[in-house]
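Construct the entire structure; sequences and hints are all you get.
Spelled out from the first residue to the last, the chains are:
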Amino acid sequence: MRLISILGLMAVAAFAGGDATFEVAKREINIPAIIMFFIFVGATLGITYWAAKQTKSASDFYTAGGGITGFQNGMAIAGDYMSAASFLGLSGLVYLQGYDGLVYAVGFLVGWPVILFLMAEKLRNLGKFTFADIAAYRLGQKEIRTLAAFGSLSVVTLYLIAQMVGSGKLIQVLFGLPYEWAVVLVGVMMIVYVTFGGMLATTWVQIIKAILLLSGVTFMAIMIMNNFGWSFEALASKAVDTHAWGQDIMAPSDNGKIKDPISAISLGLALMLGTAGLPHVLMRFFTVGNAKEARKSVVYATGFIGYFYLVIAVIGLGAIVYLTPENAPEFFTDGKLFGGGNMAAIHLSKVVGGDIFLGFISAVAFATILAVVSGLTLAGASAISHDIYNNVLCKGEADEAKEMKVSKISVIIIGIVGVVLGIAFEHQNIAFMVGLAFAIAASANFPILFLSIYWSKLTTRGAVIGGSLGLATAVALVILGPVVWVGVLHNPEPIFPYAYPALFSVSTAFIGIWFFSITDKSQRAKDEIEAFGPQSVRAETGFGSEGAVDH
Amino acid sequence: MDAELAKRIQANPKYKELVSKRTSFALKLGIFVLAMFYSYILVIAFNKEILGVKLNEAGVMTWAFPVAAGIIIISFITTLIYVKRANGEFEDLTNSIAEDVKDAL
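So the sequences go chain by chain: A and B.
The letter at position 15 of the first sequence is residue 14 when you use numbering that gives the first Met the number 0, and the numbering goes up by one with no holes.
The letter at position 7 of the second sequence is residue 6 when you use numbering that gives the first Met the number 0, and the numbering goes up by one with no holes.
Worth flagging that the hints you see were computed from the coordinates, not collected in a lab.
Quantities reported herein were computed from a predicted structural model and do not represent experimental measurements.
Where a beta carbon is used, it is the ideal one built from N, C-alpha and C, also for glycine.
A hint or two may mislead.
If we take Cβ atoms under 7 Å as the criterion, some of the chain B residues that face chain A in the derived model are [what the hints assert, rightly or not]: (1) Ser23; (2) Ala25; (3) Val82.
This is how it looks when you write it as structure tokens:
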């Protein structure tokens with residue numbers, strides 16, 4: 000339990016820390032799960048084959064030709080967000096700590112309205128393939144793109160390792176496959192989806208998975224609520240009777256990480272701004288045809304994600320009631336839940352729906368990981384091929400076919416790196432990685448992106464120095480803080496007392512960017528400020544933005 | 000977009016109307032959502048006992064649950080409100096600006 004509360008870093012991180020919470024034990028082969036898994040793989044390979052035939056230009060590859068509708072994109076964004084981390088991690092957190100899980104759910108959700116009001120349509124109007132297109136719109140291509148690509152690749156790699164380790168553990172528990180096989184399988188599948196099908200296949204895999212996951216959790220919640228006469232009070236009352244904490248599961252606990260005001264504000268910032276700086280989420284805004292569709296996609300995404308989190312609360316409480324050593328001894332060894340808290344939703348699926356439904360949920364959990372790593376890989380590959388190769392090395396004049404070739408090679412390299420690191424980190428405590436990814440996204444990517452859209456006086460010098468300072472501060476404070484300094488390096492006391500550095504690193508980035516921009520009196524700075532006018536007209540109206548391509 | 004056209008659009012009163020209306024609308028909704036979220040976070044940081052108060056003395060249900068569900072639902076509603084106006088009124092204004100400068104687009 001102590002380990003689990005350390006992992007309370009973030010709901011996602013709780014999942015990412017698979018190493019601590021998934022017990023290394025293998026189960027007998029689960030036949031319905033494997034059959035359903037093969038059905039999913041077959042269907043998605045079919046989609047990839049179809050998508051590969053449509054994917055000809057670079058625009059097809061990076062953004063599905065801009066032909067995704069608002070509804071489809073909303074579904075895909077929701078799919079990116081409903082990762083195995085939020086599904087298994089959040090339901091596991093509610094199972095272990097009750098209400099605390101909901102605090103994270105609220106934090107993850109409120110970022111979306113803010114993204115809609117401030118960013119969504121501007122991203123669509125200014126962007127092309129990567130978020131660096133926007134940051135570098137009127138600033139120095141070479142410097143800004145290098146920094147943005149570095150920020151993207153750091154976020155993608157950290158996220159990827161966390162997903163890979165989580166998937167290895169999950170598949171090991173679910174299907175009884177050896178860890179290394181599982182990681183290699185995920186790596187190979189994702190390379191196939193992304194290299195052949197590009198963004199179109201990645202989006203459709205995500206949409207299908209989102210539909211399956213939403214149906215699965217809805218079914219579980221219906222079964223639970225049905226047993227309690229559709230009374231949430233009755234369910235909660237039984238959960239309070241069952242859980243060791245009693246009534247304390249019904250409110251924020253003292254065991255969570257949100258103990259003091261600084262941590263609370265800092266976590267809030269990281270969740271909100273981090274979301275607005277995740278490259279694999281940002282790139283989804285380039286797949287829709289226009290600003291109107293971009294806005295709609297956020298409404299759908301917010302609706303699906305909000306619904307999902309509310310259902311997760313029911314599932315978490317249901318898990319508390321049903322998954323006890325007395326009620327369900329088959330899931331416990333020596334009084335501990337098989338596979339740890341993160342497996343609560345999976346075990347619960349067997350309780351409410353039998354072996355077939357367990358198979359369904361297991362296959363969906365695996366599909367979830369595949370879909371999320373595919374999106375991550377595509378975001379990383381476009382940072383390499385579009386930002387670094389085309390715009391930095393070839394000064395924006397690379398041959399399109401060559402650029403696509405570079406991105407496909409990048410996908411394979413990122414896939415191999417993901418597999419190798421996934422295997423290397425099998426026995427490491429990786430709980431800090433997703434937290435660090437959010438901190439970097441909030442401190443390096445978001446401030447540059449936000450100020451490049453809204454602040455006319457931003458200059459290349461300010462963005463590069465301030466963004467680098469934000470990045471360095473985020474990394475340094477995570478390492479010196481309790482999660483790595485104490486949790487991973489086993490020092491007795493952290494040098495930096497807070498688990499969440501966002502408040503400090505985001506402030507550093509904004510102040511740095513502001514200071515080094517206003518003191519920049521060069522001719523180049525003057526030109527960049529001059530260019531804000533046309534940029535802001537395009538951002539506001541969408542005139543001259545990248546259009547949708549008809550197939 | 001060239002600087003000439005940009006200046007022309009910026010001088011268009013409809014453009015000024017679009018930008019000022021949309022900015023203030025987005026800002027108001029944004030501040031509302033942030034205020035709601037940070038009030039919640041600050042209650043958790045300073046006075047979480049309030050959230051543990053029961054709705055009904057006889058039961059177990061606390062204020063914490065309806066508050067969390069409320070924030071999620073209200074957040075969703077704000078996105079609906081924004082998009083309804085942005086995809087209607089603001090989109091019409093944008094189209095009308097496009098009409099005014101269609102010779103140069």
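Against the structure, the hints come out as follows:
{"no.": "1", "hint": "Ser23", "in the structure": "violated, 11 Å"}
{"no.": "2", "hint": "Ala25", "in the structure": "holds, 4 Å"}
{"no.": "3", "hint": "Val82", "in the structure": "holds, 5 Å"}
Hint 1 alone, counting from the list given before, is not met by this structure.
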